[in-house]
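Listed below are the residues making up each chain.
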Amino acid sequence: MIPTFDYKTPKTLREACHQLWEAGGKAKVIAGGTDLVIGLRNGNQNPQLLIDIAHLKELRGIEESDGILSVGAAVSHSEIASSSLVRQFGGVLSDAASEIGSPQIRNLGTIGGNIVNASPAADSLPPFLVLNATGTVVSQKGEREVSVADLIRGPYETALQPHEILARISFKKLSPEIRTSFVRLARREAMAIARMSVALLVRMEEGRVRDIRIAPGAVLPIPQRLEEVEKCLMGKSIDEALLRSASRKVSEVMINRSGVRPSTSYKAPVVEALFVRAMRLALAG
Amino acid sequence: MEIEFTLNGKLIQVDVPPHWTLLRLLREKLGLTGTKEGCGIGECGACTVLLDKIPVNSCLVLAPKVEGRSVETIEGVGSRTALHPLQQSFMDHGAVQCGFCTPGILMSAKALLDRNPHPTKEEVKGAISGHLCRCTGYQQIVEAIEKVSEV
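As you go down the protein sequences, you meet chains B and R in turn.
1 is the number of the first residue of the first sequence in my numbering; add one for each residue after it.
1 is the number of the first residue of the second sequence in my numbering; add one for each residue after it.
Isolated chain B, as found in the complex (with noise of 0.2 Å):
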């Protein structure tokens, strides 16, 4: 049973972030309300107040204006999953956003809630890693902008003040020869949280790596780009030997930041095969 709270639909942004300002921290806003709904119900949430945003028109809508793509945060899974903008400048978000969930969740939950549920499983985040994705951030005291790694914290954590709506999620369109994949393993194939995931992206240049960018999903307390695995294949050609020696760095990288827990006998060869299955992915793409 969820206990009793106000609610109110503002019909501007504006409005939103003055309801929000004027609450002082006891309000809440709710979009699709997948995540918040469940905090409600368990008791993890309890605000005096909800305020809806999933409709004000300045979190919707996906629009592309000088090599740049922006997302509403009021977006849901579904209109990403089928946006032929996504697709050809964010494959990997694309790929990301039509496996979150079931089709139920997806036509309900928006990029921006699980973005800022920040879940250390949340699909979008990897994703948004390797796209260098901002969030626009705005508030009764103004805008700012920040980078979707700066904006989460830890498990459940995000940079976010109370007052402060996360309205808009950008990132630069992806040109052609950019590969990208996302590979995700869960305990079954629909309706099931990730297990493990790994988000990537790549460009090759004369047989050579010229950019890439790797970031696994639920295996480190904060989604994470891993960098030292990175600079291992820059520059190089890729082969069977140099994959495998990658491979062994992500699961060092992994147990370097998340410790070795009981879980990590599993998700180290598990990790490493994820990571070669995307890099193959990616390469044949």
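Hints listed in this document are in silico derivations from the structure and should not be mistaken for laboratory results.
Take the hints with a grain of salt, since some may be wrong.
[As the list claims (entries may be wrong)] Listed next, the stretches of chain R that the computed footprint assigns to chain B, with coverage defined by at least 3 CB atoms under 8 Å from CB atoms of chain B:
1) 10-16
2) 54-61
3) 82-90
[Said to hold, decoys possible] Listed below are the simulated EDC-like cross-link pairs for lysine to aspartate or glutamate, each with C-alpha atoms no more than 20 Å apart in a straight line:
4) B:11 <-> B:143
5) B:8 <-> R:2
6) B:8 <-> R:67
7) B:8 <-> R:28
8) B:11 <-> B:66
9) R:147 <-> R:122
This structure is a prediction, so every number in the text was calculated from the model and none was measured.
Virtual Cβ for every residue (Gly too), placed ideally from N, Cα, C.
Got chain B sorted already, so can you dock chain R onto it with the hints?
Just chain R now, with coordinates in the frame of chain B:
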């Protein structure tokens, strides 16, 4: 709070506390108990209804969210004397055992066929991938939906 929305094609006004879910509103206030509560946390799909023609978990939708929108439940599909083709096909194929997941699956299947009358088997499986059925093993359900998509 007072909300107004279209329920199974009819515009209605209802007074509902904002912390009620759509599922609770449907079952406890509007008497539409065809929509089932399974897990209550968006994992099983039993409570699926169509919101503006799109399948959603009604256990995760707070009632105020449907203001001005259109909700379709299993009670809006077919009638006692004229079953929807999907309902008839589920009976013909033995796609129902305990029946608890059935209303939700029918809503997802209907949404699929309404926008894509001739889906592939993979598309049928994808459309019902947000539903758990612990009785049938899905085979008969997929067959029942495929049969309707052929005609």
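Hints and how they fare:
Closer than 8 Å: that is the beta-carbon criterion, and the region 10-16 of chain R has 0 residues meeting it against chain B, so the requirement of 3 is violated. Coverage of a stretch by a chain is defined here by at least three residues with a beta carbon nearer than 8 Å to that chain's beta carbons; for the region 54-61 of chain R and chain B the count is 7, and the condition holds. Using a Cβ-Cβ cut-off of 8 Å, 0 residues of the region 82-90 of chain R lie near chain B, which falls short of the minimum of three, so the contact claim is violated. At most 20 Å may separate the alpha-carbon atoms for a hinted pair to count; residue 11 (chain B) and residue 143 (chain B) meet this at roughly 19 Å.
With a C-alpha separation of about 13 Å, the suggested pair residue 8 (chain B) and residue 2 (chain R) falls inside the 20 Å cut-off, and the hint holds. Taking the CA atoms of residue 8 (chain B) and residue 67 (chain R), the gap is about 12 Å. The hint holds against a cut of 20 Å. Between residue 8 (chain B) and residue 28 (chain R) the alpha-carbon distance is near 23 Å, which puts this suggested pair outside the 20 Å criterion. At roughly 29 Å between alpha-carbon atoms, residue 11 (chain B) and residue 66 (chain B) are farther apart than 20 Å, so this suggested pair is violated.
Note on residue 147 (chain R) and residue 122 (chain R): the hinted pairing holds, with a Cα-Cα distance of about 14 Å set against a maximum of 20 Å.
Hints 1, 3, 7, 8, counting from the list given before, are not met by this structure.
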